[in-house]
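There are 2 protein chains.
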Amino acid sequence: MTGFEVTPIGRVESSLTDPAAAPKQGPEGGPDAWLVIEPAVLDALDGVRPGARLVVLTWFHLARRDLLRVHPRDDPANPMQGVFNTRSADRPNPIGLHEVEVLAVEGERLHVRPLEAVDGTPVVDLKPVLD
Amino acid sequence: MTGFEVTPIGRVESSLTDPAAAPKQGPEGGPDAWLVIEPAVLDALDGVRPGARLVVLTWFHLARRDLLRVHPRDDPANPMQGVFNTRSADRPNPIGLHEVEVLAVEGERLHVRPLEAVDGTPVVDLKPVLD
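As they're listed, the protein sequences go chains A and B.
The opening position of the first sequence corresponds to residue 1254 in our numbering, with each subsequent residue numbered one higher.
The opening position of the second sequence corresponds to residue 1254 in our numbering, with each subsequent residue numbered one higher.
Next comes chain A alone, as it looks inside the complex (with noise of 0.2 angstroms):
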């Protein structure tokens, strides 16, 4: 099958910058962080307002896309599983799923928590969560 083009809707400003140091989700320690949108797409965030829980859509731009198996949570002791069957970084299409809390909307400055994305990430989407 063919293949589709992503394109960035923004980035992630993060005091986390190591991968291996992040927490694994969100709530696991992950640190408020702004989401910086483009400003051509501005106009997508109308009605988005601090108190809004959002699911944030990444693009993890450094992780491995070859690898099928992992050991969950890249601890040894856990058997093997197909990143399917995981919420490895690692898989063939790495987009990340990140539940958070819209603090504060300056602009097309986001302020969210908790976010366990690093520094840098692209953003690839915004939806509401669904109760």
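Honestly, I wouldn't trust all of these hints.
For chains that are exact copies, the list does not tell them apart, and a pair is met inside one copy or across any two.
Each computed EDC-like pair below joins lysine to aspartate or glutamate, with the alpha-carbon atoms no more than 16 angstroms apart [as the list claims (entries may be wrong)]: (1) Lys1380 with Glu1352; (2) Lys1380 with Asp1299; (3) Lys1380 with Asp1343; (4) Lys1380 with Glu1354; (5) Lys1277 with Asp1384; (6) Lys1277 with Asp1343; (7) Lys1277 with Asp1328.
Note that these hints are calculated values from the structure, not bench results.
A quick note: this is a predicted structure, and the numbers were derived from the prediction, not measured.
Given the coordinates of chain A, work out where chain B should sit on it, guided by the hints.
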């Protein structure tokens, strides 16, 4: 920012063929469906078993990528909102999120429900639901 290439890891086989007639969300009457996984990434399914809850990421190949504001749920009575504040399929990167239960695993075929994506929709990732 430069873009990234998403490669489908499978596709949806469903009785739904008309996007306009499909439910907006799986729980709103989405039927059961099959995910047919590409042989090249079959090892990534290791450990996915019936009863598992997965997030299926799809690529809405019929969506418009140039719409930044829409009437939520295609209802003109709903005030226009930025697409990042809606679950509209029309968005810059038309990635769909669908929470499903795995009913059966038959080789490269996963039987799941509920799924509102139409027949032929590319699948780009599978992840376990985190509780």
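Each hint tested on the structure:
1. In this assembly of identical chains, lysine 1380 and glutamate 1352 lie within 16 angstroms of each other by CA distance both inside one copy and across copies; the values are 10 angstroms within and 14 angstroms between.
2. Taking the shortest Cα distances, lysine 1380 and aspartate 1299 sit within 16 angstroms of each other inside one copy (12 angstroms), while across copies they are farther apart (29 angstroms).
3. Taking identical chains as interchangeable, the C-alpha atoms of lysine 1380 and aspartate 1343 lie at most 16 angstroms apart only when they sit on different chains, with a minimum of 12 angstroms there against 23 angstroms within one chain.
4. When the C-alpha separation of lysine 1380 and glutamate 1354 is checked against a cutoff of 16 angstroms, the pair qualifies only within one copy, where the shortest distance is 12 angstroms, while the shortest distance between copies is 21 angstroms.
5. In this assembly of identical chains, lysine 1277 and aspartate 1384 lie within 16 angstroms of each other by CA distance solely across copies; the values are 14 angstroms between and 24 angstroms within a copy.
6. For a Cα distance limit of 16 angstroms, the shortest separation of lysine 1277 from aspartate 1343 inside one copy, 12 angstroms, qualifies, whereas the shortest one across copies, 31 angstroms, does not.
7. Within a single copy, lysine 1277 and aspartate 1328 get their C-alpha atoms as close as 12 angstroms, which meets the 16 angstroms cut-off; across copies the closest is 39 angstroms, which misses it.
Figure legend: structure checked against the earlier numbered hints; every hint is met.
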